[in-house]
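Next come the chains, spelled out residue by residue.
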Amino acid sequence: MTADTVAAAPSGRLTPRQRRRVSLGGQYALFVVIVAVVAVTADWPTLQQNFADPAKARDLFPEILTIGLRNTALYTLVGFGIGLVVGLVVALMRLSSAAPYRWFAIAYIEVFRGLPLLLIFIFVGVGVPFAFPGATIPGGVVGQAGVALGVAAAAYVAEIIRAGIEAVPKGQMEAARSLGMPYFRAMRTIILPQAFRIIIPPMTNQIVLLCKDSSLVLFLGIALEYRDLTKFGRDLAGQLGNSTPIVVAGVCYLLITIPLSLLARWLEARQRKERR
Amino acid sequence: MTGGAIEIEGLHKAFGANEVLRGIDLRVEPGEVVCVIGPSGSGKSTLLRCVNLLEEPSAGTVRVVGTEITDPDVDIDAARRRIGMVFQSFNLFPHLTALGNVTVAQRKVLKRGKAEAERVARENLERVGLADKIGSYPAQLSGGQQQRVAIARALAMGPEVMLFDEPTSALDPELVGDVLGVMRKLALDGMTMLVVTHEMSFAREVADRVVFMDGGVVVEQGPPSQVIVEPRHERTRVFLSRVLNPAAAGFGDAGLDEAGPSGSGPSGPTAGKTAGE
Ligand SMILES: Nc1ncnc2c1ncn2[C@@H]1O[C@H](COP(=O)(O)OP(=O)(O)OP(=O)(O)O)[C@@H](O)[C@H]1O
Ligand SMILES: [Mg+2]
Numbered sequence: 000m001t002a003d004t005v006a007a008a009p010s011g012r013l014t015p016r017q018r019r020r021v022s023l024g025g026q027y028a029l030f031v032v033i034v035a036v037v038a039v040t041a042d043w044p045t046l047q048q049n050f051a052d053p054a055k056a057r058d059l060f061p062e063i064l065t066i067g068l069r070n071t072a073l074y075t076l077v078g079f080g081i082g083l084v085v086g087l088v089v090a091l092m093r094l095s096s097a098a099p100y101r102w103f104a105i106a107y108i109e110v111f112r113g114l115p116l117l118l119i120f121i122f123v124g125v126g127v128p129f130a131f132p133g134a135t136i137p138g139g140v141v142g143q144a145g146v147a148l149g150v151a152a153a154a155y156v157a158e159i160i161r162a163g164i165e166a167v168p169k170g171q172m173e174a175a176r177s178l179g180m181p182y183f184r185a186m187r188t189i190i191l192p193q194a195f196r197i198i199i200p201p202m203t204n205q206i207v208l209l210c211k212d213s214s215l216v217l218f219l220g221i222a223l224e225y226r227d228l229t230k231f232g233r234d235l236a237g238q239l240g241n242s243t244p245i246v247v248a249g250v251c252y253l254l255i256t257i258p259l260s261l262l263a264r265w266l267e268a269r270q271r272k273e274r275r
Numbered sequence: 000m001t002g003g004a005i006e007i008e009g010l011h012k013a014f015g016a017n018e019v020l021r022g023i024d025l026r027v028e029p030g031e032v033v034c035v036i037g038p039s040g041s042g043k044s045t046l047l048r049c050v051n052l053l054e055e056p057s058a059g060t061v062r063v064v065g066t067e068i069t070d071p072d073v074d075i076d077a078a079r080r081r082i083g084m085v086f087q088s089f090n091l092f093p094h095l096t097a098l099g100n101v102t103v104a105q106r107k108v109l110k111r112g113k114a115e116a117e118r119v120a121r122e123n124l125e126r127v128g129l130a131d132k133i134g135s136y137p138a139q140l141s142g143g144q145q146q147r148v149a150i151a152r153a154l155a156m157g158p159e160v161m162l163f164d165e166p167t168s169a170l171d172p173e174l175v176g177d178v179l180g181v182m183r184k185l186a187l188d189g190m191t192m193l194v195v196t197h198e199m200s201f202a203r204e205v206a207d208r209v210v211f212m213d214g215g216v217v218v219e220q221g222p223p224s225q226v227i228v229e230p231r232h233e234r235t236r237v238f239l240s241r242v243l244n245p246a247a248a249g250f251g252d253a254g255l256d257e258a259g260p261s262g263s264g265p266s267g268p269t270a271g272k273t274a275g276e
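In the order they appear, the protein sequences are chains U and D. Residue 0 is where the first sequence starts when you use numbering that gives the first Met the number 0, and the numbers rise one by one after that. Residue 0 is where the second sequence starts when you use numbering that gives the first Met the number 0, and the numbers rise one by one after that.
Bear in mind the hints are in silico, worked out from the structure with no lab data behind them. Keep in mind that a hint or two might mislead.
Some chain U residues well away from chain D (every beta-carbon gap over 10 Å; in silico) [said to hold, decoys possible]:
hint	residue
1	Val37
2	Tyr155
3	Leu219
Mimicking DSS-like on lysine-lysine, the simulated pairs with C-alpha atoms at most 27 Å apart in a straight line are [stated by the list, open to error]:
hint	chain 1	residue 1	chain 2	residue 2
4	D	Lys113	D	Lys132
5	D	Lys184	U	Lys169
6	U	Lys211	U	Lys55
7	D	Lys110	D	Lys132
8	D	Lys132	D	Lys184
9	D	Lys113	U	Lys211
10	D	Lys107	D	Lys132
11	U	Lys55	D	Lys113
Every residue gets a Cβ at the ideal spot worked out from N, C-alpha and C, and that includes glycine.
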């Protein structure tokens, strides 16, 4: 009886369920039409030649892996290493009971979250040599890219670590201190191991971001053997007059980032289960 | 006046404008078992936490086995090694096994070797009746077992005094006995103990002295036969009648006004009734 009144009340003939069905059917129909139009009108042979030419793709190997992928992975790892160390220090400063440390940490986080990463790359590549003539960042391009990626990532890493530390119940620190552990010893042995478990999923996402952002080494002006995936793809696209290298470079990124994203999601799901 | 295991003089503690401890004087002799009772919010936990400086007192002195904890120059980490603390919520380290929980501070703080730390850990886990749970993680243990691991963890540091803050309040009733049993044994072994508890039968049977606190002061203290059985003060009587007979609380009790927001017992229903008066 109630079902009748509800269904009949507002808009004449269709029940809510029928309306949902019609709407869903409409969406599918639209999708099919778009796919059909694209399939008919697109010039497949030309598209394939321009974007996915198997012969040209084959020529990219193995250099796109031994140079491009290798360097992308290298910049990502060095950047993450620096970001992790700096981020941990900033996070601990953020949680310090001494106010000046907290202010510094807050300023650091806000500054580096607010600046475009490209500007930081340009500063490292161009600004540092101007500002400190004769000074160089150790490690050449790897060092420069690592520093640019690392100092920026540190701002995000610091916030992730802080959230992780704050998620560890207060009683853990109290129990450790009441056993006579000094603050930093308790942090290292009791709090951080627990915090890192909480931190791992968001940290994995941070590595994905770093991997993509490492493409900005393009703006450091680098020698051939330091080319990352993006610059490698761009250079070869120019040389060959064909977009296939860019597509292959893109696929190479996905080979790193998609497994990492899946890993992060799996870790998150596992953690949610453990919590319960 | 020296030689006491714990000597508290003129202890004040305020959180902002909230004066929680308002001049506490309390002395615990070596080997003595002192139980602290009192309504919720009366400052029992704060008192205990001031004894190992988890809270910084606003005024007054605390001495533990001769060391003045409240001295600004004191090596607090060294002092805390002589004070074992057991929390209401156990606070075991969840990423370590029972053995790891009991060895970690021995290794990192006392710098004991692995073999010795494990030997001491096994001894103490055996002492609390958990020799067979050495490899279990806290999540795999019942509340009562976790609390007993926490006691072993504190004992492994060789403390000279032990502080217990409502060690059985978070436990299911059928697990309370195991933990109290361990504490009773510890008392018989001559450990100096300062225990905040709502377990009146434990206090009556084990305590050398019972201290009733209310509103941040010690209202009365003495042997359990006096404080629990024949309290002198009206506030003590009101509190005890609520704890000992929760169902009757709130009916015809005098002096509710100064008794604090609620009478907290292991059984919750008292709170709502008394607050409503
Ligand atoms: N860290 C803190 N910051 C601010 N106020 C606090 C803090 N710790 C305790 N208090 C306040 O101090 C008062 C006494 O708290 P305390 O925990 O010592 O009481 P208690 O006697 O242990 O009570 P219960 O039986 O409920 O454990 C309460 O009013 C509480 O709100
Ligand atoms: Mg308390």
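Here's how the hints hold up against the structure:
Against the 10 Å criterion, Val37/U stays outside the reach of chain D, whose nearest CB is about 53 Å from its own CB. Non-interface status of Tyr155/U relative to chain D is upheld: no Cβ of that chain comes within 10 Å, the nearest being about 25 Å off. Listed as outside the interface, Leu219/U is consistent with that label: its C-beta sits roughly 41 Å from the nearest C-beta of chain D, beyond the 10 Å cut-off. Taking the CA atoms of Lys113/D and Lys132/D, the gap is near 19 Å; set against the 27 Å cutoff, the hint holds.
About 30 Å separates the Cα atoms of Lys184/D and Lys169/U, which puts this hinted pair outside 27 Å; it is violated. Using a Cα cut-off of 27 Å, the hinted pair Lys211/U and Lys55/U holds, with the two alpha carbons roughly 24 Å apart. Of the supplied pair hints, the one linking Lys110/D and Lys132/D holds, its CA atoms being roughly 24 Å apart against a limit of 27 Å. Annotation: proposed proximity of Lys132/D to Lys184/D holds, straight-line Cα distance about 20 Å (limit 27 Å).
Of the pairs offered as hints, the one joining Lys113/D and Lys211/U is violated, with about 45 Å between alpha carbons and a cut-off of 27 Å exceeded. Taking the CA atoms of Lys107/D and Lys132/D, the gap is about 22 Å. The hint holds against a cut of 27 Å. Between the alpha carbons of Lys55/U and Lys113/D the distance comes to roughly 61 Å, so the proposed pair goes past 27 Å and is violated.
In terms of the numbered hints stated before, the structure departs from hints 5, 9, 11, listed from lowest to highest.
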